[in-house]
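Here the structure of chain A is known, so what remains is to put chain B in place on it, guided by the hints.
Letter by letter, the chains look like this.
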Amino acid sequence: MANTVVKISNLVKNYGTLTAVDHLDLEIKEGEIYGLLGPNGSGKTTTISCLLSLLSYDEGEIEIFGKKMSSTAYDIKKDIGVVLQNVAVFEQLNVYQNIDCFCSLYVKDKKKRQELVWEAIKFVGLEDFVKFYPKKLSGGLLRRLNIACGIVHKPKLIFFDEPTVAVDPQSRNNILDGILRLRDEGCTIIYTSHYMEEVEQICSRISIIDKGRKVAEGTKEQLKQLVHTTETILIEVEGLTNEGLQEIKSQGFVTGTEFDEHTLKIYCHSDGHCLLPVLNILEKHNVKTGGAYTKLPTLNDVFLEITGKELRDKEA
Amino acid sequence: MFGRYFLYCILLNLKAKEVIMWIVVFPMALGLMFKLAFSNVYESFEFKEIPVAVVENKDNPVFDTVIENLSGEEGILKPQYIEKQKAEELLFSGEIKGIFYVDDKISLSVSQSGVEQTILQSLSNSYIHGEKAIMDIMESSPEKLPDAIKAMSDTATNYGEETRLVNKEIDPLDTYFYNLVAMVCLCVSTAGVYVATSNQANLSNVGARTECSAKSKTVRILSAYLATILVAGACSILSVSYVNFVLGVSTGDLLTSYITGILGSIFGISLGFAVGSIPKIKETAKMAILTPLSLALCFLSGLMAANMKGVMEMYCPIVNDINPAAIICDMFSSMAVYGNVSGYIMLCVKLLIISAVCLIFGLLMTRRKNYADI
Numbered sequence: 544m545a546n547t548v549v550k551i552s553n554l555v556k557n558y559g560t561l562t563a564v565d566h567l568d569l570e571i572k573e574g575e576i577y578g579l580l581g582p583n584g585s586g587k588t589t590t591i592s593c594l595l596s597l598l599s600y601d602e603g604e605i606e607i608f609g610k611k612m613s614s615t616a617y618d619i620k621k622d623i624g625v626v627l628q629n630v631a632v633f634e635q636l637n638v639y640q641n642i643d644c645f646c647s648l649y650v651k652d653k654k655k656r657q658e659l660v661w662e663a664i665k666f667v668g669l670e671d672f673v674k675f676y677p678k679k680l681s682g683g684l685l686r687r688l689n690i691a692c693g694i695v696h697k698p699k700l701i702f703f704d705e706p707t708v709a710v711d712p713q714s715r716n717n718i719l720d721g722i723l724r725l726r727d728e729g730c731t732i733i734y735t736s737h738y739m740e741e742v743e744q745i746c747s748r749i750s751i752i753d754k755g756r757k758v759a760e761g762t763k764e765q766l767k768q769l770v771h772t773t774e775t776i777l778i779e780v781e782g783l784t785n786e787g788l789q790e791i792k793s794q795g796f797v798t799g800t801e802f803d804e805h806t807l808k809i810y811c812h813s814d815g816h817c818l819l820p821v822l823n824i825l826e827k828h829n830v831k832t833g834g835a836y837t838k839l840p841t842l843n844d845v846f847l848e849i850t851g852k853e854l855r856d857k858e859a
Numbered sequence: 006m007f008g009r010y011f012l013y014c015i016l017l018n019l020k021a022k023e024v025i026m027w028i029v030v031f032p033m034a035l036g037l038m039f040k041l042a043f044s045n046v047y048e049s050f051e052f053k054e055i056p057v058a059v060v061e062n063k064d065n066p067v068f069d070t071v072i073e074n075l076s077g078e079e080g081i082l083k084p085q086y087i088e089k090q091k092a093e094e095l096l097f098s099g100e101i102k103g104i105f106y107v108d109d110k111i112s113l114s115v116s117q118s119g120v121e122q123t124i125l126q127s128l129s130n131s132y133i134h135g136e137k138a139i140m141d142i143m144e145s146s147p148e149k150l151p152d153a154i155k156a157m158s159d160t161a162t163n164y165g166e167e168t169r170l171v172n173k174e175i176d177p178l179d180t181y182f183y184n185l186v187a188m189v190c191l192c193v194s195t196a197g198v199y200v201a202t203s204n205q206a207n208l209s210n211v212g213a214r215t216e217c218s219a220k221s222k223t224v225r226i227l228s229a230y231l232a233t234i235l236v237a238g239a240c241s242i243l244s245v246s247y248v249n250f251v252l253g254v255s256t257g258d259l260l261t262s263y264i265t266g267i268l269g270s271i272f273g274i275s276l277g278f279a280v281g282s283i284p285k286i287k288e289t290a291k292m293a294i295l296t297p298l299s300l301a302l303c304f305l306s307g308l309m310a311a312n313m314k315g316v317m318e319m320y321c322p323i324v325n326d327i328n329p330a331a332i333i334c335d336m337f338s339s340m341a342v343y344g345n346v347s348g349y350i351m352l353c354v355k356l357l358i359i360s361a362v363c364l365i366f367g368l369l370m371t372r373r374k375n376y377a378d379i
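Chains as they are written, first to last, in this note's numbering: chain A, 544 to 859; chain B, 6 to 379.
No wet-lab data here; the hints were simulated from the structure.
No false leads were mixed into what you were given.
Here chain A is said to cover these stretches of chain B; the calculated rule only asks that three of the stretch's residues, wherever they fall, bring their Cβ under 8 Å from a Cβ of chain A:
| id | segment |
| --- | --- |
| 1 | 11 to 24 |
| 2 | 207 to 221 |
Only pairs whose alpha carbons sit at most 25 Å apart, straight line, appear in this in silico SDA-like list of lysine to any residue:
| id | chain 1 | residue 1 | chain 2 | residue 2 |
| --- | --- | --- | --- | --- |
| 3 | A | 831 | A | 799 |
| 4 | B | 20 | A | 640 |
| 5 | B | 285 | A | 629 |
| 6 | B | 287 | A | 629 |
| 7 | A | 674 | B | 19 |
| 8 | A | 699 | B | 9 |
Think of the CB as a built atom: it goes at the ideal place given N, C-alpha and C, for glycine as much as any other residue.
Bound conformation, chain A alone (with noise of 0.2 Å):
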């Protein structure tokens, strides 16, 4: 059993009447890669402040490595790193000296500095721009220094809060790889994204807030299982009566249908697979198929269901 890295017990937090996070409970294990998900203004920045003590907060517990978290627990803070929304660098500083910099907040030997700063730059594949300033820098590889800064003094635990907004493909792709190489080093991470497709592909858990709440905790498997709809299926048919349409919306697994002459679209909730005995009885009813095609949802879709698919930027 994984020891327990971070542990939010009853977090409360308001702004004025505003709950920004309504009793919040989340238990984040070691060498997890812990996805926070949620809509804007949901709470996610917000709590990853309290966790880090820069916010202060109304009611609740926040421990860390077991103990608890202040703005003063510095023992605490040198095992923590930091990849904030907002790129966080020096202008006046060129890449390595920007790294250095921070390293330095945490590191006292030079010799040992050199090492980090130098794995670091290693790490986000800078070593072409150690010299260059951030102005003179793209907007991944920005992406990157600010990756390497928050990384650089190998830190236990790692909060990564949006990380990849405004990247191109690639840099996207490189900085997702090397967040599972600083997991599979033994870091623990907490990730927030609005990007579903990147918790999906990283996330060992992922928790769902809404309006300050947890609404929803899981592997992605189990979240998926929330959702009303496991699978949807879509066939091309010829020849299909209504009494093979009954039995087929007749099926346990079966809860809605569309049918337009020639296209067959059925919504299934269920632990496995629909399309084989969906196929079964179309040929008992000797209804010919053309392409037969299913789809799982994804994160999104669960999120959406969970969330409801109202602007909220528009309540802010």
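Positioned in the frame of chain A, the structure of chain B alone reads:
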């Protein structure tokens, strides 16, 4: 204790182009402009008694006594008592430099601007300031009036002597150069803003990152504060040296001049730190407040018009007492002109107290351990 982060804070200050522009390039260019603008004045100016007319519409024995004391062999004035029309003709023709009108109040008319006119204005301001004291004595203790008039005459005489007999001859144009160094000291306040913003999570992204680090906020802020003072102090030393050795304007004893520059820089950084630590105001807005504020304080102490400080002394003396630019100028003149060590030390203490007030305000604003919102 501070380590590598302190060195990076120095580097950050040295590479802050806009700050260096304000505290090195701009003052040097302005100083050169002053020098070129005043070069004709310097070349043509040789101190002689200043010819003035006194137009008496009313008797004023106090003023007569003062004028008498300021004229003669050791005096600085060459007065003639004449009618208004004649006096104005002489002023128009340039034969006299100013007219003192003696009515219910003393007033001065000059037709041009220049060193002599500035001295006359200073005399007029000093007299008006002293006359009020005489009037007060006349109302409260008439029996002490003769003593008071004598004391005032002595003061006026001393003023005349002081302008000529101290460490060096007073040059009203030097005020511009003292103000130039004062401006450097105040403009470093823009660098002081970074001390707060780069270490506060609610003020910048970099601040948020450093707040998450394993180095305590006190150490980080002190590192940044001391590093900025080091760079700003070096810039003010550079400015003092520039004024002394390149522009050829003496600020007095070099050591005390450098100390003045460094103390001025400490004030500037403390002011910037105090303003920078105010939450919910953008960094650019803070800069936009500090730069005009620095220039306004220098304006009040005579950067744009040398007699401004005298005007403030007459109408609102408390401004000169608390205006750091005026204090810095006084520090220079107290050593360069009057050689007044105890006065200089008092001014140093005053500037340090104002700096401490700013620093304590900044520390109180930044001592918060975490934030209600960021």
